[in-house]
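Novice: What follows is each chain in one-letter form.
Number of protein chains: 2
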Amino acid sequence: MFEQLGLIGCGLMGGSFALAMKRAGLVKRIVGYSKSPSTTEKAREMGVIDVEAPSALLAVSGADLVMLAVPVSATESTLKAIRHLVNPSMLLMDMGSTKRDVIDAVRRVLKHDVGSFVPCHPIAGREVSGVENADPMLFTGKQIIITPMERTQTAKLEKATEMWQALGCSVSQMSAEAHDAAFAAVSHLPHMLAFAMMNGIASQQEQAAVFLSLAGPGFRDFSRIAASDPQVWRDVLIANREELIAQLHHFQHALAKLEHAVTNSQADDLERLINQASHMRASWRMNSLAK
Amino acid sequence: MFEQLGLIGCGLMGGSFALAMKRAGLVKRIVGYSKSPSTTEKAREMGVIDVEAPSALLAVSGADLVMLAVPVSATESTLKAIRHLVNPSMLLMDMGSTKRDVIDAVRRVLKHDVGSFVPCHPIAGREVSGVENADPMLFTGKQIIITPMERTQTAKLEKATEMWQALGCSVSQMSAEAHDAAFAAVSHLPHMLAFAMMNGIASQQEQAAVFLSLAGPGFRDFSRIAASDPQVWRDVLIANREELIAQLHHFQHALAKLEHAVTNSQADDLERLINQASHMRASWRMNSLAK
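Those protein sequences? They're chains G and Z, same order as listed. Counted from 1, the first sequence has number 127 at position 127 by the UniProt record's numbering; the numbering is strictly sequential. Counted from 1, the second sequence has number 177 at position 177 by the UniProt record's numbering; the numbering is strictly sequential.
Just so you know, these hints were derived from the structure itself, not from any lab. Be aware that a few hints might be false.
[To be verified] With beta-carbon atoms standing in for the labels, derived distance ranges: (1) Z:Glu162 - G:Met137: 49 to 57 Å; (2) Z:Gly141 - G:Asp104: 49 to 57 Å; (3) G:Met137 - Z:Asn275: 29 to 37 Å; (4) Z:Asn275 - G:Ser175: 28 to 36 Å; (5) G:Thr140 - Z:Gly25: 54 to 62 Å; (6) G:Thr140 - Z:Glu206: 52 to 60 Å; (7) Z:Glu206 - G:Met137: 46 to 54 Å; (8) G:His253 - Z:Gly130: 47 to 55 Å.
[Claimed, not checked] Sample of chain G residues with no beta-carbon within 12 Å of chain Z, all distances over it, derived: (9) Pro54; (10) Lys156; (11) Asp229.
Glycine residues also receive a C-beta, built at the ideal position from the N, C-alpha and C atoms.
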């Protein structure tokens, strides 16, 4: 399907994508680049990539498919580094977990070549990172959200869709705005709340140890995401700050209603508010593809 | 150890306590009362209690051990119903998940007989309720927090401690204030935040369905406690409202710092705040007794 994949970023996500493409027989040759030369070397030694490129620009040279698998905060600098070799026949993709900021960077940097870019978000990941954890099955059975830009070429969109489907993924489309709002609501905000809950406990000094010694299974599950990677989540929260703050305000409004009912011992109001939350959560089922 | 247990409330918790006491051979006869006559009847048919009492007062008659296993909001009315048969030789206990409100009710109602009362909180429970789910092993290996009052008699405190230990529990003591603050921090506040997060999504009408369709494992675990029983949690949040609102303010202060860093794209500050939360959560281990 593709002659040469230029892979920029050879970490868990990029490495897993390379292995999946090879395994599916969708690419003949993979030229890879990572910011850290030792990562690129390890990726070649592991057979994740075939050729080490000394720069992002040279990873793009001769490629008919380019995948940006870098932190979202590095999207713009990476695009600047490769733009001189981007051409209209290439398919360019990313796999960032926020989409409006990626699209903004693409518009600013690629200008006339934006039609080749297909913004993608694979709903897949692991708690571990690094090419040593790359897994050819990471994307199998997972959802891919594509958020096309107005100028994305139909042919490129189709090609990207077919490629993900050939890797065993379920592909759906939505606007970048709807994507970022949804993930702000069901992922980024819960992380922010879990971080704040832990820091609220930490602020109480010596009492914190007693509190934590009494915490049980409810706390364990609620707070699990608070242990997430600080650098990754720093980038995600800032990249999606507009939608995140909008979701935060919806949350704060709902919290204020609960606080009012609790403070004034308004049992009926409080039961109604909890009942709404409880009913919604009890009837929710996780999309089996997202497991 | 005891001649007659007067059990007031024959639900999951009370029923499990009765079965555990019988199994351990710690009581000769159990007289039970539940607000719903059909529950009391079912408890007798199941062998959880030996004799049905037609009132809370009559369940106390002749008992040397009385256990209040009623919702915390029913503590005061239950104490009023039994106070004429409470005497200084009885051991009285409760198993409520908040302690200051229980102690306040005990002081108001029992007056000169408060010395017989030992406030207890077994850190045990299940998602299901009702005497049909009563389990003699529910308390085995669990933590019991006792929050003695100033006037609690030493002999009663010792007797209660020995009884829980004989049921296989680990007993610890703290003040009611410390207990309520700790559970506000690690249990009641997380529930309130999970309720608010779900209601914030619900307030966004038709978008809510799209948001929820994209939610993954992080959301699943974070929001699990939002599905808790509305009546139980209405009572708990109101019963412990002072400590809960104090913990809410610690949380809001920590959240405001995160919001400020996100809004102003202060990456270093944000990473530091997330790092504090992440490190604290990653190094936490649940007390094996609380599982």
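Novice: Hint by hint, where does the structure go against what was stated? Just the numbers, ascending.
Specialist: 6, 7, 8 and 11
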